[in-house]
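J.: So that you can map any letter, position 310 of the sequence shown is 315 in my numbering, and since no number is skipped, the others follow by simple counting.
Read the hints as simulated data drawn from the structure, not as lab findings.
For every residue, glycine included, the Cβ atom is placed at its ideal position computed from N, Cα and C.
Derived CB-CB ranges, DEER-like: (1) Lys22 x Ile238: 34 to 44 Å; (2) Gln158 x Trp362: 46 to 56 Å; (3) Lys103 x Glu24: 42 to 52 Å; (4) Gly202 x Asn79: 25 to 35 Å; (5) Ser207 x Leu313: 35 to 45 Å; (6) Gly246 x Val352: 41 to 51 Å; (7) Leu363 x Tyr290: 26 to 36 Å; (8) Leu261 x Tyr287: 21 to 31 Å; (9) Gly246 x Lys103: 12 to 22 Å; (10) Glu24 x Met254: 35 to 45 Å; (11) Leu47 x Glu337: 48 to 58 Å; (12) Lys104 x Asp165: 40 to 50 Å; (13) Pro179 x Ile238: 16 to 26 Å; (14) Asp165 x Ala101: 37 to 47 Å.
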Amino acid sequence: MMTQKRSTIWQWFIDGKIEPVNVKAAMLLAYPHPSANKWQQLIANILLYLGVLLLGAGVIFFMAFNWDALSHLNKFAIVETLFTLFIGGFYLANRARKKSSLQPNLQHEPHEAHNPHDQHNQHIQQTYGWSLANAMLLGASIMLGALLALVGQTYQTGADPWQLFAIWALLILPFAYIAGFDLLWLLVVVLLNVSLGLYLQSFASVFSFLLEDIQQIAIFGLVNLVIHLTFAIAKRCKWRGQLHFNCPMVEASSLLASVSGFTWLIIWVIFDFNYHYDSNEYVAYYALVYLVTMASLFVWYRYRSPALYPLTLVLTSMSAAIISLLSRELFETSDTIAAFFIMAIVVVGLTSGCLYWLKKWHQQFDEMTMLTDKKASNSDVKQEEDRS
6 MMTQKRSTIW QWFIDGKIEP VNVKAAMLLA YPHPSANKWQ QLIANILLYL GVLLLGAGVI
66 FFMAFNWDAL SHLNKFAIVE TLFTLFIGGF YLANRARKKS SLQPNLQHEP HEAHNPHDQH
126 NQHIQQTYGW SLANAMLLGA SIMLGALLAL VGQTYQTGAD PWQLFAIWAL LILPFAYIAG
186 FDLLWLLVVV LLNVSLGLYL QSFASVFSFL LEDIQQIAIF GLVNLVIHLT FAIAKRCKWR
246 GQLHFNCPMV EASSLLASVS GFTWLIIWVI FDFNYHYDSN EYVAYYALVY LVTMASLFVW
306 YRYRSPALYP LTLVLTSMSA AIISLLSREL FETSDTIAAF FIMAIVVVGL TSGCLYWLKK
366 WHQQFDEMTM LTDKKASNSD VKQEEDRS
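Work out the full structure, taking the sequences as your base and the hints as a guide.
T.: Structural data, given as structure tokens:
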């Protein structure tokens, strides 16, 4: 957002709409420097979440180190007490936040106090962002996982390791939805991926169908793609729980995992392909899945929902596939020096081409953002004129 605003102002300066002496003032007006209160809030949030994570890790390591010295009652008492304290802390913090939102906050800066848009953003940040209540839910989620592991180790339930992470992810789903917070949703996604990996490592089958390694990679990519699409669609649709899925970190990480899985898949297909085997029709299916997925991501994030990060991942994946295909064909020849020379030229060419197109798309996206902001500002002016 900061880069878009400054790029817009700089474009206005180039077009002559802003005088040179007013450029700095316009930059500060569009994105003012953080005040001392904001710096204090940032440092406080970092220390708060770091303390919650260290407390959770400390309890787990304490239980593991003193496993033989502590009785079953003491182990459960420690974990359940901390879990109860975190839940109680969430209730109190959420109650205090609701009370403060009903009363006018006179401690805000003057330009923030009279700006309804800034007040709305601050309310969203306090509810779904890095708040004390969400920190308590994060601590409760960690303690819930520790409690599940404690039950399994104490009573030797005989459950597989993947079930621990799957049940853990399922139980903290309400916490993640209530908080609508990146870290909690990211914890759920990580637990689901760990559970899937452990399940495939243990059984290598789905609904009694045995899976090869290449099929497991495809499943990993598809699962993370579904997670990414779930958050992307839920965030863009107008419904009651829209703000609970506004998690850019989860969207970015799940898309990265998905594209990495599909890239691994196509590289496997390229080097495993054999012209003399009859089973190559399955290889063609995997290649088709890869091409369809990459093409769909490219079209969606180029035309429907313009974004540079997904396009960068798609271009990087396609470049890796091209280099892998070329390297296989070249290194089968006897002249390895010429093969390395051609590969270097291709890598430089692909990198330059990707950077050129990304830079061009970035400029187009900035122009689209400028037009959107201009239409929004004209609409606001028209509404003010109608009111007057």
